[in-house]
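Here is how the chains run, residue by residue.
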Amino acid sequence: MQQNFKSSYNVHVVRILLTFVGMIIVGSLLRSLLLPSEFGDYGHYRPGAVTEEANREMRNKTNDSCLDCHYFVKKIHLKGVHEVVSCEVCHGAYSDHVKDGKVIGEMPVYRGEEIKSLCLRCHNKIIRARPPESIKMIAMPEHLEEKNVRTDHVCNQCHHVHAPYKWIKEAREMMGLPEKWEGGSSWKK
Amino acid sequence: MEEITKIKKEIDLDRRGFIKKVLSGAIGGSLLLVMPATAREIAEQIPGMKEQTDLFIADKKFAFVVDITGCIGCGSCCIADKNEYQVPDGHYRTWVERYIIDDHDEVYVDSPNGGLDGYTEPRDDIKNPIRDTFFAPKLCNMCENPSCVQVCPVGATFRTEDGFILVDDKRCVGCSYCVQACPYSVRFINPVKHTAEKCTWCYHRVRQGMLPACVNVCPVHARKFGDLNDKSSEVYKLLHEPHVISVLKPDMGNKPSLHYLGLRREVI
Chain A
2 MQQNFKSSYN
12 VHVVRILLTF
22 VGMIIVGSLL
32 RSLLLPSEFG
42 DYGHYRPGAV
52 TEEANREMRN
62 KTNDSCLDCH
72 YFVKKIHLKG
82 VHEVVSCEVC
92 HGAYSDHVKD
102 GKVIGEMPVY
112 RGEEIKSLCL
122 RCHNKIIRAR
132 PPESIKMIAM
142 PEHLEEKNVR
152 TDHVCNQCHH
162 VHAPYKWIKE
172 AREMMGLPEK
182 WEGGSSWKK
Chain B
10 MEEITKIKKE
20 IDLDRRGFIK
30 KVLSGAIGGS
40 LLLVMPATAR
50 EIAEQIPGMK
60 EQTDLFIADK
70 KFAFVVDITG
80 CIGCGSCCIA
90 DKNEYQVPDG
100 HYRTWVERYI
110 IDDHDEVYVD
120 SPNGGLDGYT
130 EPRDDIKNPI
140 RDTFFAPKLC
150 NMCENPSCVQ
160 VCPVGATFRT
170 EDGFILVDDK
180 RCVGCSYCVQ
190 ACPYSVRFIN
200 PVKHTAEKCT
210 WCYHRVRQGM
220 LPACVNVCPV
230 HARKFGDLND
240 KSSEVYKLLH
250 EPHVISVLKP
260 DMGNKPSLHY
270 LGLRREVI
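Which chain is which? The protein sequence lines are A and B, in order. Per this note's numbering, the very first residue in the first sequence carries number 2; after that it's consecutive. Per this note's numbering, the very first residue in the second sequence carries number 10; after that it's consecutive.
Partner residues are not named here, just some residues of chain A that face chain B (Cβ under 8 Å, in silico): (1) Tyr46; (2) Ala50; (3) Glu54; (4) Asn61; (5) Lys62; (6) Glu89; (7) Ala130.
It should be emphasised that the hints constitute simulated quantities derived from the structure, not laboratory data. Bear in mind the structure is a predicted one, so any value in this text is a computation, not a measurement. Glycine residues also receive a C-beta, built at the ideal position from the N, C-alpha and C atoms.
Given only the sequences and the hints, what does the whole structure look like? Please build it.
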């Protein structure tokens, strides 16, 4: 009777051990099936993801890559204070335009009121939150009234968008006016 | 008679030559149109990056500095970011916040469409005189102790040995645990891919020696990116010389690598 009891006790232990071994085998099988092979080589992640992220398509390039072909724009753009403005902000990403050295799409060129809204992203005075010393700011339509022009004028009627002072300078030279003009209504002396 | 045939031969020769020239010109010209123009290599903005072929970037420790006092809030960075990653509408990898503080220390913050359309309207709900106004661009802080990595249950977000926190969109299950864990709210679930997404400091551009897209387009150089191991770099000088410089939420203990120049205590 006692012998019988002892043997059945051992059977329980063996069963538990067997279950544990079975769980470990099934667990490690599932793990090897579900985890990518190189997972954990450098940490708790898949190193392949680093390469994938590093090989993502670069959609924006630099101004140099745009001006490489657009040499007439280059001549104007790099001479004015707007040389710091990125081409791709107004005209869209490089990779929408050129692929493998070939033109694949036309880029938007803004006109009229659209230009005005682009200019005012940076130069709008009514947005008080910006450092006044770093950028020239104007209020519309006060700026037009001050310059004695019609209030329905858009920015690029006086300013070249790529070099804002280009035409102003040329006009001043033609009129024989000094480089810097102090005071508000400048053209009426 | 012989004379005439000679002249005729000469004309024939000339004609053949003429046709040859025309044909070669036409073929050459059309070939020029068909063949791709050899795209010129753009100069590296971060020198020595193209030679690095290992899995991780060696000998460089990148840091990002945002100059609060310089930002004009034009939103060029937001446009460049949307262009680079084609981020779905309503989600932002980087955005610009406008802060207005009145003389009663009341803080007004807004960020219409993440600053993507620029700031066109003034705040007209402010009664008291304004004491301080500025813009605060936000992006991934690339923490040294990232909360998002700690909580990810599947190892889909991780910190590389070169200090970038990236997302593995093949492993991400979209549980958005990391979105909640990030103290800076830079993460979102991409509505198309249903995986977590965030600013990577343009890891793919940096690997090719290019500056992050937002740094590249900033017209006032308010966003600065550079190597802290290079003692002549601008970011090294900014972080090792006396400046008003801080990180966001230092009490969280995340140790961000994104620093703000001229940061006000009101920015969170």
